[in-house]
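K.L.:
Please put together the full structure from these sequences, using the hints given.
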Amino acid sequence: MSRHSEATTSCRVPCCRLKRSQRSFWHPRRPFGRRPIYCQLPLVVAFRLAPERAAGGSDAEVTAPDDLLGQFAITVGFARTRAVVAIRGQADRVNAPELGAILDAVIERHRFVVLDLSELDFINGWGLGVIAARASRLRRAGGTLTIRSSSAMVLRMLDTTGMAELVRLEHPDPSLHRLGAEQSIEIADAPEPYLPPSQIPRITAIPADADVVDGALRLVVALARVTVGGADGASVSLRRHGRLSTVAASDQTISDMDASQYATGEGPCVDASVNGRWFHAESLDVETRWPAFTPRAQALGINAILSSPLLAKERPVGALNIYSRTAMAFAPKDQELAAVFAAETSLVLSSVGVDVTDEQLSSRRSEALGTRRVIAQAEGVIMEREGVEADDAYSILCDYSRTSNQPFRERAEDVVASTRRLRLGTESEPGRSHHG
Amino acid sequence: MAETSAADPPVDLLDRYRLDACLSHGDLWLRYFELGGMDDALELEAILCGAIRPSAHDREVIAHALNERFVELGRNHPVPYSQSDAYRPRDKSGET
Chain H
1 MSRHSEATTS CRVPCCRLKR SQRSFWHPRR PFGRRPIYCQ LPLVVAFRLA
51 PERAAGGSDA EVTAPDDLLG QFAITVGFAR TRAVVAIRGQ ADRVNAPELG
101 AILDAVIERH RFVVLDLSEL DFINGWGLGV IAARASRLRR AGGTLTIRSS
151 SAMVLRMLDT TGMAELVRLE HPDPSLHRLG AEQSIEIADA PEPYLPPSQI
201 PRITAIPADA DVVDGALRLV VALARVTVGG ADGASVSLRR HGRLSTVAAS
251 DQTISDMDAS QYATGEGPCV DASVNGRWFH AESLDVETRW PAFTPRAQAL
301 GINAILSSPL LAKERPVGAL NIYSRTAMAF APKDQELAAV FAAETSLVLS
351 SVGVDVTDEQ LSSRRSEALG TRRVIAQAEG VIMEREGVEA DDAYSILCDY
401 SRTSNQPFRE RAEDVVASTR RLRLGTESEP GRSHHG
Chain X
1001 MAETSAADPP VDLLDRYRLD ACLSHGDLWL RYFELGGMDD ALELEAILCG
1051 AIRPSAHDRE VIAHALNERF VELGRNHPVP YSQSDAYRPR DKSGET
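Just so you know, the sequences run in chain order H and X. For the first sequence, the numbering used here begins at 1 and goes up steadily by one. For the second sequence, the numbering used here begins at 1001 and goes up steadily by one.
Everything labelled a hint here was simulated from the structure, so no lab data went into it. Keep in mind that the hints are not guaranteed to be accurate.
[Said to hold, decoys possible] Every beta carbon over 12 angstroms from chain X, so not counted as near; a handful from chain H, in silico:
1) Arg140
2) Leu155
3) Asn275
[Stated by the list, open to error] Quick look at which bits of chain X chain H covers, simulated, 3 or more residues with Cβ under 8 angstroms:
4) 1034 to 1040
5) 1067 to 1073
[As the list claims (entries may be wrong)] Beyond 12 angstroms from chain X on every Cβ pair, some chain H residues (computed):
6) Ala132
7) Met153
8) Arg225
9) Val226
10) Gly230
11) Arg239
We put the beta carbon where it would ideally sit given N, CA and C, even for glycine.
P.N.:
Rendered as structure tokens:
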């Protein structure tokens, strides 16, 4: 407590205190899905420790002289859907508990966390241990810890300790992340679905009505069109009945653009939908990946395309396409915003069950109809045996199922089967109530 | 057909159980339909929202559909059934 010189009021981070005015950023908002997203306010939390921390280190610990190091500080900020934790100074045994507590508090609310080590002066096993534990926990929860650092030493340390497999690496210079015209790579830092597959409700039944889904996708297109910088149009392609089709488009030209890609079987939209990867054509003047499609796009006045995959439970089901008449129109922040839209849309598509195929749905319905028939037969048997009404017969079956922990269908099948055995004279009557 | 009685658990409790069971409205409807439920998906959603009062039978079917899901998840029938936890045969006057 004595090390927290700015302490004023209680806070959600166990070992630290925040100023009352700094606590407003925890307000949730829910743009599309059920998952809360926390406000993207600028830096609001600053944890500063007094210099006397070095006195707490053990003799055995490797520490660096304080005069060579900056003051230890941790800053937590939020960039769109990611929390960014920046560490300055040294991450050693003395500071490790504070670092761990702050990371715990952030991880509790965010599954995509960036750990900015670009101003880190020193890190040892204590600091690495804290980071590794949180990276592992985030990974189990379906999240990602991204390490932002340009230091070859840090990167080598991560590699040597095996932590590179637990985290993602990111260069602090955003310009180095910009995707070039010759690149078509899987986006490294695109927000991912926020829930691990085990937490996404299991789709066992019917998807949402297509009209409802289409309405939501039209909203996504409209929002992407007006918020992504450089965008002149946007569309959503979705695989339905085994083929891609444009579900929502901002105008006819954009719809024609998508149709050209379906016709030629190539283009960023098709590739993103099939491969589940992010494709960016910065300038069609130099684009060589889609020789049949590119001239058609240029003829319609399009010069840059950004296609982000839409995933339903990690399977690609379509793409969010953003088009521009201007080459090099999409800045890194626009690319990230497009990825956010795609991630949010993917969440919606997962929850409404667009990945449920017609065959699966048909099979499930047939199964349900079969079960109903068996249950109706079993009810009839019990009604006849017990002399009760249909609802009471159902209650008897329900009670059997509950007390024996046997699925309703299986219990009903047993009752129906018992009539056959009775006809053969080999069985007592399992449908007979023992209540009365 | 008898309606739910005042002694039954509140209907919106069913929707909380549905969420707890990680079932969408569509998922639950198909399970309800499979177990003999007669209402369509919209009516079931209205029941869960408290806009329509279900019959005792419908409530029992919904509760059992939820409980079968909970059994799949390793829990033992947490959703209370209509009127009682077990079937009790009615006498000629229809009273339990």
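K.L.:
Checking the smallest CB distance to chain X, is H:Arg225 really beyond 12 angstroms?
P.N.:
29 angstroms, holds
K.L.:
Using a Cβ cutoff of 8 angstroms, are there at least 3 residues of the stretch 1067 to 1073 of chain X near chain H, or does the coverage claim fail?
P.N.:
Coverage by chain H holds here, the residue count being 3 at a Cβ distance below 8 angstroms.
K.L.:
Going by Cβ atoms, does H:Val226 stay more than 12 angstroms from chain X at every point?
P.N.:
Holds: least Cβ distance 31 angstroms, greater than 12 angstroms.
K.L.:
Mind verifying the non-interface call on H:Ala132? Its CB should be farther than 12 angstroms from each CB in chain X.
P.N.:
Given a closest Cβ separation of 31 angstroms, the condition holds.
K.L.:
Is the nearest Cβ of chain X still more than 12 angstroms from the Cβ of H:Met153?
P.N.:
45 angstroms, holds
K.L.:
Is the listed coverage of the stretch 1034 to 1040 of chain X by chain H valid when you require three or more residues with a beta carbon under 8 angstroms from a beta carbon of that chain?
P.N.:
With 3 residues close enough to chain H, the hint holds.
K.L.:
Are all beta-carbon distances from H:Leu155 to chain X longer than 12 angstroms?
P.N.:
40 angstroms, holds
K.L.:
Please settle this one: H:Arg239 was flagged as non-interface, so is its CB more than 12 angstroms from every CB on chain X?
P.N.:
For H:Arg239, whose nearest Cβ neighbour in chain X is about 20 angstroms away, the distance exceeds 12 angstroms, so it holds.
K.L.:
Minimum C-beta separation from H:Arg140 to chain X exceeding 12 angstroms: can you confirm that?
P.N.:
19 angstroms, holds
K.L.:
Decide, holds or violated, for the assertion that all CB atoms of chain X are farther than 12 angstroms from the CB of H:Asn275.
P.N.:
Correct as stated: the minimum Cβ-Cβ distance to chain X is 28 angstroms, above 12 angstroms.
K.L.:
Compute the least Cβ-Cβ separation between H:Gly230 and chain X, then decide whether it is above 12 angstroms.
P.N.:
At about 37 angstroms from chain X, H:Gly230 clears the 12 angstroms cut-off, so the statement holds.
In this structure, every one of the numbered hints holds.
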